[in-house]
Amino acid sequence: MTSLRARWEAYWFRPAPLLDLAICRVSVSAFLLVMTVAPWLVLTIPPWTRHAEFAALPDSMYDPILLLRVLTAPFGEEFRPSLLHLRIAHGVAIAAAASSLVGFFTRTSLAALFVSFSFVVGHSHSYGEFHHIETMPAILVLLLACAPSGAVLSLDARRRPASGRLPLGATDAHARWPRLVMTWVLAMAYLSAALSKMLGSGVEWLNGTTLQRYLMVNALYWDRPLGVWFAERFALVKALGWFTIAFEVTFLLVLFRPRLGPLFALVGTAFHLGIWFTMKAPFFAYLPCYAVLVPWSRWLLRRTA
Amino acid sequence: MTPDVPGEGARTEAAPRSSRRAASCVIVAVLGLQFVTAFKLLCPPRQLESLARFRVLCSPALWPFTDYQMYGAAYAPPVEVTIHDPVGVLADGREVALTADALGMRSDEWRRLFVDAIRRWRAERVAAGVRRYEERSGEEVVRLRLIERRFELGEGGTIEAAAPRVEREVDVPDAGAGGGR
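If you read the protein sequences in the order shown, they are chains X and E. Note that the working numbering has the first sequence beginning at 481, numbered continuously upward. Note that the working numbering has the second sequence beginning at 8, numbered continuously upward.
Don't read these hints as lab results, they were simulated from the structure. One thing to keep in mind: the hints can contain errors.
[To be verified] For lysine to any residue, the following SDA-like pairs were computed, each having C-alpha atoms within a straight-line distance of at most 25 angstroms:
id, chain 1, residue 1, chain 2, residue 2
1, X, K760, E, Q76
2, X, K760, E, H91
3, X, K760, E, R138
Bound-form chain X, shown alone (with noise of 0.2 angstroms):
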């Protein structure tokens, strides 16, 4: 049992940079900074620019996620956020998203923004139709919240004395396993996407065809030259199809070989901005949280010494 608990504590609580947390923060709350402040640039069919349309539709169709049931609790079992709630937890989401970013008052404006970003896109979820979008950032930040993410690289940490104030090498027990859970979560979803694809089709999802006709249909609606161009080369979709299964399958390798984090960061990087060239599907929210892949103390550290 002891021996259980020791390496639990080994695996998650073993000190790690405070430099690489404060990271993974600057780098979801920027990213959360520009979607709900310019959503269009990343987004196909932002919520954050829909308030009036959700607003408007009938209670009838109002079928509040677990997590808006949570968060509205206090408000009663019949509260259904209006145009004002939602637009006031816009507001707040942009303002934590931006003080998140600096580091001012960091867990509390990470709380916040979780908050107000769950509100806002689980009121958009609570209508029948989800996306996948915003899931990632939105686990992130709630792990970050959790976690010393301002400890370095941020006005918390200029505003202590002098004395108290810690290098940028500093490292924590609390510092290591946001990353990693982070890390296992990305992990699962790419092998619950694998998953689907193959419990449910088999290998004929991997013929060629599969993918082609999505490229086409996508390429068509989002008026993607490139994905058409990419459709009409079978062979090369093929291969297309093939990687997509490696990926996701293998993307858990990370676990077992952080080294190859900033190699999968990469590919992963290429992975979603190809959907995004070819489909217009708005993948992004997931690299913000590759950067739990990436050892930046090691890589910033080493430069500056």
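Put chain E on the given structure of chain X with help from the hints.
Relative to the frame of chain X, chain E by itself:
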């Protein structure tokens, strides 16, 4: 994820047991929720009727924890793709392509608000789309034609599966027209 940081090696005070316990709860909760939703443990497929009673929490019920069932269906060759091209007939008999660019719309908006409106005959939307074209081009459209083109996708790339056909041909509705023709 490596703790070996070159340079400054300062460490904050050791984390107290209570904070590690709290963090452990967060770790277990997040990973547990992600595991249950990602692998659909509480949302077995509808086809498995014997497991219907376990179908209690399907995405997005536990958002932000969800499954990632995307683009999962497979398609056997040949796959057919149908495209609809709206064409406007001008008063002098010339034909013009009423593309997204010509109407100044985004491609998805154009398909949803204009092409689909012609197919399902939402006269007001059709009239609004034509008016956009007329304002931008200074040309008057008197008649609309929706051309359907079918393609087959396969190893040889994209092949036209059938000759283009006119799916719908109508006079341009009045601006205040109602739906349902």
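Cross-check of the supplied hints:
no.: 1; hint: X/K760 to E/Q76; in the structure: holds, 18 angstroms
no.: 2; hint: X/K760 to E/H91; in the structure: holds, 20 angstroms
no.: 3; hint: X/K760 to E/R138; in the structure: violated, 28 angstroms
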